[in-house]
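Chains as they are written, first to last, in the numbering used here: chain U, 1 to 306; chain B, 1 to 502; chain V, 1 to 352.
Label pairs and their computed distance ranges (CB to CB):
#1 Pro156(U) <-> Lys112(B): 12 to 22 Å
#2 Asn41(V) <-> Met286(U): 45 to 55 Å
#3 Phe6(U) <-> Phe202(V): 54 to 64 Å
#4 Val140(V) <-> Thr25(B): 52 to 62 Å
Everything labelled a hint here was simulated from the structure, so no lab data went into it. Please read all numbers here as calculations on a predicted model, not as lab measurements. We put the CB at the ideal spot given by N, CA and C, even for glycine.
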Amino acid sequence: MPPIDFLSDFLSACLRLSVPLAFAAIGGLFSERSGVLNIGLEGMMLTGAFVSAAVALHTEQVWLAVAAALGVSALVGMLHAYLCVSLGINQLVSGLAINLTAAGMTTYGARLLFDSGTVELPSISPMEIPGFSQLPVAGVLFSQDPLFYLLLLLIPLSTYGLFRTRWGLVLRAVGNAPRAADTAGVSVSRVRYLSVMLCGGLCGIAGAYLALVHVRFFTEGMSAGKGFIALAALIFGRWHPLATALVCLLFGATEALQLRIQALNLNIPYQFLAMLPYVTALLALMGIAGKSTPPAALGLPYNEKS
Amino acid sequence: MNGLALVEITKRFGPFTANDRISLTVGTGTIHGLLGENGAGKSTLMNILSGLYQPDSGKILLDSQPVTIHTPADAIRHGIGMIHQHFMLVPQLTVTENIILGCSGGLHLDMKSQAQRITELSQTYGLDVPPLARVEDLPVGIQQRVEILKVLYRQARILILDEPTAVLAPTEIQSFLATLKQLASRDHTIIFISHKLDEVMAVCDQVTVLRRGQRVASCSTANTNRNELARLMVDRDVEINTRPDPQPVGSVVLDVRDLWIAPKDHQQALQGLSLQVRAGEIVGIAGVDGNGQRQLADAIAGLIPIDKGTVTLAPDKTVAKNIAYIPEDRQKQGLVLGFSIARNLILKAFTRLPFCRRWLLQREAISINAQQAVADFDIRTSSPQLPVRQLSGGNQQKVILARELAGEPGLIVAMQPTRGLDIGATAEVQQALLAQRARGAAILYISTELEEVMAMSDRLGVLYRGQLVDVLDAGSVTLEQVGLLMAGIYPGASRGAMADSV
Amino acid sequence: MGQWQTLYKSLVQWRSALLPLAAVLSALLVGAGLMLVAGANPLTAYGALFRQALTTYFGFADTLTKTTPLLLVSLGVLVALRAGQFNLGGEGQIYMGGLGSVLLGLAWPDLPMVIHLPLALAGGFGFGAVWGAIAGYLKVGRGLNEVLTTLLLNYVAQYLISYLVNGPLKAANAPSPFSELVAASARLPIILSKTQAHAGIFLGLFLAGLLSVAFAISAWGYRVDAVGQNPVAARYAGIPVNRTIVSVMALSGGLAGLAGSSEVLGLKYRLFEDFSPGYGFDAVAIALLSRGNPVAVIITAFFFGILRSGANVMQRSASVPVAIIYAIQGLTVLFVAISLAVDQKKTIPKNT
Numbered sequence: 001m002p003p004i005d006f007l008s009d010f011l012s013a014c015l016r017l018s019v020p021l022a023f024a025a026i027g028g029l030f031s032e033r034s035g036v037l038n039i040g041l042e043g044m045m046l047t048g049a050f051v052s053a054a055v056a057l058h059t060e061q062v063w064l065a066v067a068a069a070l071g072v073s074a075l076v077g078m079l080h081a082y083l084c085v086s087l088g089i090n091q092l093v094s095g096l097a098i099n100l101t102a103a104g105m106t107t108y109g110a111r112l113l114f115d116s117g118t119v120e121l122p123s124i125s126p127m128e129i130p131g132f133s134q135l136p137v138a139g140v141l142f143s144q145d146p147l148f149y150l151l152l153l154l155i156p157l158s159t160y161g162l163f164r165t166r167w168g169l170v171l172r173a174v175g176n177a178p179r180a181a182d183t184a185g186v187s188v189s190r191v192r193y194l195s196v197m198l199c200g201g202l203c204g205i206a207g208a209y210l211a212l213v214h215v216r217f218f219t220e221g222m223s224a225g226k227g228f229i230a231l232a233a234l235i236f237g238r239w240h241p242l243a244t245a246l247v248c249l250l251f252g253a254t255e256a257l258q259l260r261i262q263a264l265n266l267n268i269p270y271q272f273l274a275m276l277p278y279v280t281a282l283l284a285l286m287g288i289a290g291k292s293t294p295p296a297a298l299g300l301p302y303n304e305k306s
Numbered sequence: 001m002n003g004l005a006l007v008e009i010t011k012r013f014g015p016f017t018a019n020d021r022i023s024l025t026v027g028t029g030t031i032h033g034l035l036g037e038n039g040a041g042k043s044t045l046m047n048i049l050s051g052l053y054q055p056d057s058g059k060i061l062l063d064s065q066p067v068t069i070h071t072p073a074d075a076i077r078h079g080i081g082m083i084h085q086h087f088m089l090v091p092q093l094t095v096t097e098n099i100i101l102g103c104s105g106g107l108h109l110d111m112k113s114q115a116q117r118i119t120e121l122s123q124t125y126g127l128d129v130p131p132l133a134r135v136e137d138l139p140v141g142i143q144q145r146v147e148i149l150k151v152l153y154r155q156a157r158i159l160i161l162d163e164p165t166a167v168l169a170p171t172e173i174q175s176f177l178a179t180l181k182q183l184a185s186r187d188h189t190i191i192f193i194s195h196k197l198d199e200v201m202a203v204c205d206q207v208t209v210l211r212r213g214q215r216v217a218s219c220s221t222a223n224t225n226r227n228e229l230a231r232l233m234v235d236r237d238v239e240i241n242t243r244p245d246p247q248p249v250g251s252v253v254l255d256v257r258d259l260w261i262a263p264k265d266h267q268q269a270l271q272g273l274s275l276q277v278r279a280g281e282i283v284g285i286a287g288v289d290g291n292g293q294r295q296l297a298d299a300i301a302g303l304i305p306i307d308k309g310t311v312t313l314a315p316d317k318t319v320a321k322n323i324a325y326i327p328e329d330r331q332k333q334g335l336v337l338g339f340s341i342a343r344n345l346i347l348k349a350f351t352r353l354p355f356c357r358r359w360l361l362q363r364e365a366i367s368i369n370a371q372q373a374v375a376d377f378d379i380r381t382s383s384p385q386l387p388v389r390q391l392s393g394g395n396q397q398k399v400i401l402a403r404e405l406a407g408e409p410g411l412i413v414a415m416q417p418t419r420g421l422d423i424g425a426t427a428e429v430q431q432a433l434l435a436q437r438a439r440g441a442a443i444l445y446i447s448t449e450l451e452e453v454m455a456m457s458d459r460l461g462v463l464y465r466g467q468l469v470d471v472l473d474a475g476s477v478t479l480e481q482v483g484l485l486m487a488g489i490y491p492g493a494s495r496g497a498m499a500d501s502v
Numbered sequence: 001m002g003q004w005q006t007l008y009k010s011l012v013q014w015r016s017a018l019l020p021l022a023a024v025l026s027a028l029l030v031g032a033g034l035m036l037v038a039g040a041n042p043l044t045a046y047g048a049l050f051r052q053a054l055t056t057y058f059g060f061a062d063t064l065t066k067t068t069p070l071l072l073v074s075l076g077v078l079v080a081l082r083a084g085q086f087n088l089g090g091e092g093q094i095y096m097g098g099l100g101s102v103l104l105g106l107a108w109p110d111l112p113m114v115i116h117l118p119l120a121l122a123g124g125f126g127f128g129a130v131w132g133a134i135a136g137y138l139k140v141g142r143g144l145n146e147v148l149t150t151l152l153l154n155y156v157a158q159y160l161i162s163y164l165v166n167g168p169l170k171a172a173n174a175p176s177p178f179s180e181l182v183a184a185s186a187r188l189p190i191i192l193s194k195t196q197a198h199a200g201i202f203l204g205l206f207l208a209g210l211l212s213v214a215f216a217i218s219a220w221g222y223r224v225d226a227v228g229q230n231p232v233a234a235r236y237a238g239i240p241v242n243r244t245i246v247s248v249m250a251l252s253g254g255l256a257g258l259a260g261s262s263e264v265l266g267l268k269y270r271l272f273e274d275f276s277p278g279y280g281f282d283a284v285a286i287a288l289l290s291r292g293n294p295v296a297v298i299i300t301a302f303f304f305g306i307l308r309s310g311a312n313v314m315q316r317s318a319s320v321p322v323a324i325i326y327a328i329q330g331l332t333v334l335f336v337a338i339s340l341a342v343d344q345k346k347t348i349p350k351n352t
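Make the full structure from the sequences, and use the hints.
Below you can see the structure in the form of structure tokens.
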């Protein structure tokens, strides 16, 4: 394959593989910035994938499917918020419970709804931006589907929201010093509920993207650890939207690379390449250790005394 | 009637009554002192007023109108602002961000103009702060100003200050009290919570004394004196801070030479500290919190690595080498709350005889040890098998003492040993330590309570910015001298030491 | 009136045991609802499941077979939990354990069983222990939360084993990826004739008992609990917290490794790829349900074993997809989490 085409193809794959990671990671960012640890990203993504697949299959309306995925995953987020914020359960346990339940329920649901296991789904077609999309290599950036452009919008919006608005200030306060925020008149529970639900919604979009754009069918466990890689990206990106998204691009690239290298017939067993994203994530975590400080109140339940 | 009135406020926590039908009135534009020992109920009462707690019964009246304060937001709306003893600031945010947090306004934040408004506000009240600095980078005295500006920004008319001078050096206290008077003259009403009689007498117009959850007196400061108030505060003839009789000292037990510890995470570094503690003496370390006390204690106990210098124990090997460490935070650093009293007592010794033989715990020995400790240290509990979580603060501290003092340690490092304890427990802890001194132990007594550390010590060192600025004979030094040293003002000090004092 | 009061009192005392039970029942109830959605009869389904798994000879043997790895890996997760660590890497440690046992099981075929079998088991333990220790070391040395590291290590282990059984370890002329058979001297003996139930269960029961005793009366158990409940105070008391965490993570990984060993040395006598159907995650649910009690793990693991074992029959007789088991297991964790919160709210008295 000529180099230019290889590059375009590679870039295209990078983007497609990074988008779900980035949505999930930014969702996780909002949750964790408010102080709620969320290892349930995986489960929320899977839920989104399943819901979008089910709705798309039955209604043929892809955008309805995306909206449904967003809604249902936001509800799952609300469950996590309820467990962690209102009940004060260990946030790791809650996230794990969500992952396992989502895995179980979606597998069961898939067996019921998609009898033959993997069914081709209606998908979201790419949007071409005229003129720009003709550029060599970089043109790939301008012929992606709408969800990609949404992500591109989400990144600066999140950055602005987090650091330049009153709402972002409240979020950061709640995640670092909830007692201080409480005495300043902020409702810590409400902020946390909203953040975690937002997280759920974004993970739902990530899942919908996986099902409707990337793979175009639903398989059990199709999120395959992407939720955990998103968490690693969050830590490596120091809980900053732009850095996190770039790290997701990096992780997406390793997965894209893995698939391309196989095609190059370099005689490397595919398993080592398949490991690449996870090993990269581990190395990234090791490298950033000690220099990346999470929100100070992350993982600690806050008791509002009566 | 203009002003604030609390009527028959009662608050219970389970079987414990923190506030028992307390009533008090505060006139607008006055400074009202709320006096009482630890555990008397002052903080609880004020937490009710600021919306953190709900009273079980009673009313709050503002300008003769009853008001309900369910949340801190309600309190703010009624113009009540609380400046907590442990600041309610978000360390990772800037001064301006902290002050405007939670206030309504447009979505967009223009930090420049917000900072400008903060600067104007601070100039109005003479409380200078750097508006764009991160709070965690600021010294405690400045952080306190931010805390005060927070409530002033919200146009609080009633300011509640909880032990505000605990974090100030003696030299800073004067100007702080002057600021309070200035605020009062601008028609702010101030409630000043403290256990320090002199300060209350100096600045307050009226004073209310609480004891064991009840109001025992209310009067104007003009009509009373220090001794009368002291008598009202304390409920029994318990003496604390009694000066020990001088006794001969033995050999050096702790020898710290030129100790350097690097700064880490906004913690104070230690810079070339040298110190010696001999058997049978108490060396006190005074200083405002955050000047290196924790690092010194941890270094001596071998808990953190030392960058330069030496810490030697019992150089001539005459005294046993075990160290007792009474930590600052008994629940976080000293006890496993889920373990029983008996199990906590063996936390340091559980791998040795008689508590452990051939890797197995010896129930009998552990039980006997527990019974002995409960008796010796008067730990109030129905059974040594109860989880230590259920004990009061004073009893928890006694468990720690029993454990640490059990092995007849040669060196005792005591970090704030009476923090948060009521007067009875304080006396017991001090007595226990004095008894150790009589036995010949060397004691390093670190405390931010100046009166206490001056009274308990034979010799007194003052810690400022990680340096031991002087070690004096505690019997002959005055409060003023120590106060100056705590603020870094001593002969030969550079101008830089005065940088953040007002 | 007196009888009701005594009944109430005993209920309160048994609350610690009742809440997990309530959680399980709730999950089963929701599972029944899910079955109705699929158009199946829950009573038939559950009836078939429990009948098959508990009352038939082969069904019970199958239950034992599935309980064994669950028991072992759950003990591993439990040990880590008591030290305050969340080991979500059971899956990866199981695979590494399987690998270790296969390597030792294939070597030296002439060794007597008395030596070979313990050696092969030890190999599984060792490999699993190393995998667990990696996460432990990353936590104490680099401050990396073990949750994420153990999860990521799962994938690495899985792919590693996949590579090995597709490549270097692949049996000669094998139609699909698996290793050679391990030597007969390295196999766990069958305990119920004509079934696959093997002696691994005794290993699990023994270790559960041993851990139970250790936590109750040994200095080691005290140290692990102290570190788990308050590592700061433990450090101040001179307990080597970092060393304890790493060694407990190693033990945890080792126990999970033994689960892998039991599958390889007791069930298939070969290494396959993807031989664990999620035992590592079930283990977390089981450990949480057991409230830190090793003996309770036996009962809980057995329950999960029943679910897994009876699921196939349930599918045949009541037309419920096997996948519902996963849903029920997930729901169990959810309800356990809720029951934990309910319990905490009631047992921690308000402090002044």
